[in-house]
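Participant: Sequence:
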Amino acid sequence: MSSVLSRHTLTRRAGLKALLFTAAALTVGFASAPGHAEDKAIKVGIMGGEDEDVWKAVAEQGKKHGLNIELVTFNDYNQPNEALDRKEIDANAFQHKPYLDEQIKQHGYKISVAGYTAVWPIGIYSRKHKSLDELKEGAVVGVPNDPSNEGRAIKVLEEKGLIKLRPEAGILATPIDVTENPKKIEIKELDAGVVGRSIDDLDAAVVNNDWAAKAGLTKEEAIAWESKENNPYNNFIAVRTDDLNEQWVKDLVTSFQSDAVKAALDTAYKGTAIPAWN
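Residue numbers for the sequence shown, in mature numbering (1 follows the signal peptide of the UniProt record, and there is no 0): -37 to -1, 1 to 241.
Worth flagging that the hints you see were computed from the coordinates, not collected in a lab. Using N, Cα and C, we set each Cβ at its ideal position, and we do this for glycine too. Be aware that a few hints might be false.
What the hints assert, rightly or not - No farther apart than 25 Å at their CA atoms in a straight line, the calculated lysine-lysine pairs in the DSS-like style are these: (1) 50 with 6; (2) 6 with 93; (3) 6 with 91; (4) 91 with 151; (5) 127 with 151; (6) 123 with 50.
To be verified - The calculated label-pair distances, taken between Cβ atoms and stated as ranges, are: (7) 71 with 234: 34 to 40 Å; (8) 241 with 51: 20 to 26 Å; (9) 131 with 38: 45 to 51 Å; (10) 69 with 90: 34 to 40 Å; (11) 39 with 182: 25 to 31 Å.
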């Protein structure tokens, strides 16, 4: 009887030790698994091209804050927000607020602005005129024909006093929304990639800076620039709304908003990108 009790006691003690060991192991495991450990890569979605050089500089700055930034490149503007929503990446940096608002409206994404990066003002370019004042009656001005860029280009023409639009036209304005056109300017809708290359056949062209570079246009050929003040087209770092107050998000924004990255922007975009955090 006593030997049986002894064996039961030993068995219970062994079981208790095993249970305590398991509990301790679980405690250590949970303690060593924070939301974003320093050695875990923070995946940031960007568009391929010049942005890669800029974000390499951001990654270097991130190391100072204990961040391991991994870049994930995309070639389709619809992909980065979808990937962020699916938790395939942790942040993205490629868009402006009107675009995100439209994406949220369409897909219900819970994505928020974490911090601003840069703005690429649209330019009005010309090889025939040195200023907007030189545009004569009936001048032909090219604009991109895709909804997002066309609306922005036409708003620039209004901003510069060349036309007036219906107040309700909004960011998706088209030539149909023009209510006043004192110089009877002909607004010629062209593919975004064609507008800049057609500059010699136009009096002026409203061109996104990335397409301007591809068309061989220089900033010296711009006769006017979109204002950067209160510009809704400032680009930004976006994260899932649930992550917005995480420390790594704040450190990521700080890493971008630095003098080193400002210099990288200037080099990569040849002075056409303006920091949006100043």
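Participant: Hint by hint, note whether the structure agrees.
Facilitator: Hints versus structure:
{"no.": "1", "hint": "50 with 6", "result": "holds (10 Å)"}
{"no.": "2", "hint": "6 with 93", "result": "violated (45 Å)"}
{"no.": "3", "hint": "6 with 91", "result": "violated (46 Å)"}
{"no.": "4", "hint": "91 with 151", "result": "holds (17 Å)"}
{"no.": "5", "hint": "127 with 151", "result": "holds (17 Å)"}
{"no.": "6", "hint": "123 with 50", "result": "violated (42 Å)"}
{"no.": "7", "hint": "71 with 234: 34 to 40 Å", "result": "holds (38 Å)"}
{"no.": "8", "hint": "241 with 51: 20 to 26 Å", "result": "violated (32 Å)"}
{"no.": "9", "hint": "131 with 38: 45 to 51 Å", "result": "violated (35 Å)"}
{"no.": "10", "hint": "69 with 90: 34 to 40 Å", "result": "holds (39 Å)"}
{"no.": "11", "hint": "39 with 182: 25 to 31 Å", "result": "holds (28 Å)"}
When held up to the earlier numbered hints, the structure conflicts with 2, 3, 6, 8, 9 and fits the remainder.
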